[in-house]
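J.: The chain contents come next:
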Amino acid sequence: MGNDKIHLNRQHLHYLLKQMLRIRRFEERCVTLYSEEKIRGFLHLYNGEEAIAVGVMQALNQDDAVLATYREHGHALARGLSMTSIMAEMFGKQSGCSGGRGGSMHLFDDKLRFFGGNAIVAGALPLAVGLALADKMQQRQLVTCCIFGEGAVAEGEFHESLNLAKLWQLPILFICENNLYAMGTALEIEESNQKIHLKAASYGMTSQVINGMNVIDVEAAAKLACSAIRQGDGPHFIECRTYRFRGHSMFDTQLYRQNSEIEAWKLKGPIVQLTHWLTENKQLTNTELQAIEQDVDAEIEEAVQTADKASVEPVADIFKHLYAEAPHE
Amino acid sequence: MSEVTFREAFKAAIVEALNDDPRVFLMGEDVGHYGGCYAVSKGLIDQFGTQRIIDTPLSESGFVGAGIGAAMGGMLPIVEVMTVNFSLLALDQIINNAATLRHMSAGQIAVPLVIRMACGAGKQLAAQHSHSFEGFYAHVPGLKVLYPGTIADARYMLKMALADPNPVIIFEHVMLYNQSAELAENNDIAPMEKAVIRKTGSDLSIITWGGCLYKAVAAAEQLQEQGFSIEVVDLRCLRPLDRETIIDSVQRTHKALIVDESWKSVGMSAEISATIAEQAFWYLDAPIRRVCSIEVPFPYAGHLEQACIPQIEQIVAVALEMLTTAIPSEQVTL
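The listed protein sequences derive, respectively, from chains A and B. The end of the first sequence is residue 329 by my numbering, with every number in the run present. The end of the second sequence is residue 663 by my numbering, with every number in the run present.
Any given hint could turn out to be false.
Computed list of lysine to any residue pairs in SDA-like fashion (alpha-carbon distance at most 25 Å, straight line) [as the list claims (entries may be wrong)]:
| id | chain 1 | residue 1 | chain 2 | residue 2 |
| --- | --- | --- | --- | --- |
| 1 | A | 166 | A | 210 |
| 2 | A | 166 | A | 272 |
| 3 | A | 320 | A | 301 |
| 4 | A | 320 | B | 523 |
| 5 | A | 111 | A | 138 |
| 6 | A | 136 | B | 506 |
| 7 | A | 136 | B | 378 |
| 8 | A | 320 | B | 571 |
| 9 | A | 136 | B | 387 |
| 10 | B | 488 | A | 18 |
| 11 | A | 136 | B | 374 |
| 12 | B | 593 | B | 555 |
| 13 | A | 136 | B | 379 |
| 14 | A | 320 | B | 494 |
Calculated from the structure, these hints are not laboratory results.
One chain only, chain B, in its complex shape:
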C-alpha cells in the first residue's frame, strides 16, 4: 500500500485510460501546455502529445459539444471543464444533446463521453468558482453523475465511466486534490452505480458523497467516541441513485442525516429525504435531518465561506440532537 493524493489518483486514471485505448483523448481548457488548472493533467502533453491532450479555446459549449460529437464518431473523449460554474455555459450541449440523443434516436446513437469538472468550496474563490451543481446534472435522465470521495474511487471510477456507453459526468472536489490516502494495488471497488457503506453502524445513517464524505466519516468517528454507532453511506453516483442502499441503511439505523455541500432547497438532499420518506417512513425513529450549505452565493472571505458549507462540528451537533432527543427542539438547521 502506498499513499497518493487525489490529484495523483485522478491523473493515474487518465494516464491508464490513454495507455489502454487509442480512442481516448483529453480535451479542455488549459489541460495541455498549462498543465491543468488544478495540475491534474500536468506533464501529460509531453507524454502523449498534442493530438491526445488537446488545449481548447474558452468556449465551453463548443468543446463540450465537440466531445459529444467525437463520442458519436467513435472516439472516447474525456472532456475537462475547468470548474462546474463554467459548465453552465455548456448546459445546452450536455442536456439538450448528450442526455437526449440516445433516447430521441430510439437507441441509434450512443454518446460514450466522460466530462470531468472541478467543483466545491474552500479555496476562497467566491461565487463563480465554488459551487456544487451535481444536483443540476443528477436531475437529468440520460446522464450518469459520479462523485468520487475516496482515493480508490478517484483512481478507478474514470475507468468505469469510460467503459460505460453513456455520457458520464465526474465531479472532483477542489479541496480533495491535495488530500492523500493509502491506495491498494488492484483495488477491487464496487460498480460505479452502487452506493457503498464506508462505515457500518446501528444508531444513525449519515448519507453523503464526494467532498463531504471525509467530514461525515470524521463526524462519525467523533460520535463513536461518545458511544454512538454511526453508519456512513457514500452515494458515489447521484444518477442513477442507488436508493436501495439508502433505504436498507435507514431500515437498520432508523435515523437519517443527509450531508450535502450544495444548497438545501430543491437539491439532492431534498431528493434523498423524499426517497426515505416515501420508502422507509415507518422505519424512522426521528425526523430526517439535513446539513447543507447556506443559501447564498458563496462569499470570498474565508470565515464567511466556511460558515456557508457543512462542517464536522455541525454534523456532530445535528447527529447528537437526533440521537439524544425524541423530537428535536429546533428542526430547522443550516
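Just chain A, same shape as in the assembly:
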C-alpha cells in the first residue's frame, strides 16, 4: 500500500477480486441475517460499488485517515477492520468495532484511523477538513480520505468543506461515489449541474471523473492523487461513476427506477468485469475462483458464528464512553 505505481500482476488482481468478493458476500449474508432479525436498524448495502472502496484503499497508508458514510461496510472491510468485529457490531454485541453503540452506520476503528461511519449526509466532510488541518499543523505527511455520495453535494457542508480544504491547501482526497440516486432521488432531479467533478474544480482543486465500476481505474486514480497530495498539492477530488444494485436500504421498494436499468448496470458490475477480464486473459481458473470464494465464505461463516455467540454489553455500562475521563497528555 501507499505506492503510487500500480502493479498489475496476477497476484494483485486476485487480491482485488477477493476484497470485492469479501464485501459483496458479506453484505449478501447480512441480508439473510437481517430477515432473521439478527441484524436490525437501517442496513445500507454497497452492492455494485465495491471497486471504489477496494481501489481507493490501495492508495492509502496505515496512518492515513478514512471517513465514510452510513454505507460503509465495504470501506471498513477494505480498510482492514476485521470482519468479525464488523459483524459483531451489526449484531449489537460488545465485541463489535463500536461496542454495539454504532451499528451498521457507525463503524469505527481508531487504530486503523477509520473515523466512521457517519449517518449525516456530508457530516464527515468538515471532520475531514479538521483531521487534515491537524496533520498539516503537526507536519505529518498524511492523507485524509473522505468518501461520500453524490447526495452530499447538495448539502452546504460539501461546499464549505471544499472551500476550506482548498483555501488551506489541505491533504485531503475527496472521493465522491456517484451512484446516481440520493436515496430515491435521481441526480437530474436534485442537481442543477450533474457534472459533480466540475463543482470541485470550481474551487480550484484538481478534479476528475472516472469509471467507478473498474477497480483498476479507481486504484490508479487514487494512487496518482495521493502521490500529488503527499507532495503538497492540496486536496484532490475524484468523482467515481457507479451504481448500487440494491435499494437505498432494506426498506426501499425502489419505485423510482426500472428493473431494466438495474439489470443493465449489473452487467457492468465491478466483480463481473474483473472476473471476466481475468478469465478471458487466462489469469484466473475456475478452481482458483472457487478457492477464493471458499476462503471468503469461510471467513464470513466464522464472523457470523463468533458474532452470534458474543456477549452483549450490560445495561449498567450504558453511560460508559459518554465522556472521556482521563485527561489527554
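Chain A is fixed; fit chain B onto it per the hints.
T.: What follows is chain B alone, placed relative to chain A:
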C-alpha cells in the same frame, strides 16, 4: 489585586493557553485581522501569527466541524462562533458529531474541543444576535456547557475546559465584556463542573448563572438591606448540572427563585425547577418561582429589549413576594 474587564480576562485565558501548549490554536470568524467581533482576540494575530490565529470564512458548520476533526487529530482547538445565533448553523456538527463520536465509537475517539460563543441581550442587536441558547446545548449528553459569570471564571475556565478531554462550550455574555472586577493572582477557583455559592444566606436561594449572576447578587444585596438573608447559587456549568449544590442550598433556605435570561418554557429554569421538585419538594416553604425572559424574539428598541430580560427590580419583587407571603397572590410572572 488588580481590576480587569471580562474581555481582558477572556483574552488573558486565550493567551495563556496559546503560550502553554503548541497544540492550542484559535479559529473563527474575524478572530484574526479584524481583532474579534467583540475584540477579545484583538492583537493576537500579531503575537501568535496566522498559523495559530486563523480567520475562517463565514461557514459555521464547516469550521466548527473542522475544529472537531482537528481535535480528533491531536490538536486542542478553541473555536469562536461570533454569536450563539450563528452557532445554530453548526448545530449538526456540534450535536451529531462532537457530542456523539465518543459514545458511538465506544470510547475510541476523543474530541478535546472548546467552542466559545458570545450570547445574551442588551446591545439592541434584535432577534438574530441576542439570544441565550445555552439550554439547547445543555440538553445534549456528550457536551459540557460552561457559562462564566465572574471575572475569575472568565479568566480560568478556559484552562479547565482545554484540560478536559471532551467538547466544551463556553458562553460569554456580551454585556459582561466591559464589566470589570478585581482579579486575584493565582486564583484558586472551583472545578468547572461545580456550582458555587456566591453569597450565603438562609431565607431564599436565587439560582442563576452567567449574564444574570451580577443581577442576582445585586438583588440579594438590596434584599439584605431590607433584612433578608439571600443565598446566590452560581451554576457555572449547565451540563453536567451540579444538582447537589442546588438541592443543598434549597434544603437550607427552603425557597428557590431561578433567574434565567432565556425563555421560560422548556428551558434551563424548567429543568432546575423540576430537579428541586423531584429532590427537595418536602423542604420547600413556597412554590418555586422563576424570573425569565419574555417569550418573544428579542426586539431592537431599547425599552422593549430591556422589558424582555430579567431585571434586578423584578428579581427583588418576586423574591419579596416569596419572602413575605405564604402563598403568592400572583404566581405567574414574566
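J.: Confirm or reject each hint.
T.: Consistency of the hints with the structure:
1. 166/A with 210/A: 21 Å, holds
2. 166/A with 272/A: 37 Å, violated
3. 320/A with 301/A: Measuring from Cα to Cα gives roughly 31 Å; hence the hint is violated.
4. 320/A with 523/B: Holds. Residue 320/A to residue 523/B sits at ~21 Å (cutoff 25 Å).
5. 111/A with 138/A: 19 Å, holds
6. 136/A with 506/B: Answer violated: residue 136/A to residue 506/B is near 34 Å, above 25 Å.
7. 136/A with 378/B: OK: residue 136/A and residue 378/B at ~16 Å, within 25 Å.
8. 320/A with 571/B: 20 Å, holds
9. 136/A with 387/B: 22 Å, holds
10. 488/B with 18/A: 51 Å, violated
11. 136/A with 374/B: 19 Å, holds
12. 593/B with 555/B: Not OK: residue 593/B and residue 555/B at ~28 Å, beyond 25 Å, violated.
13. 136/A with 379/B: 14 Å, holds
14. 320/A with 494/B: 15 Å, holds
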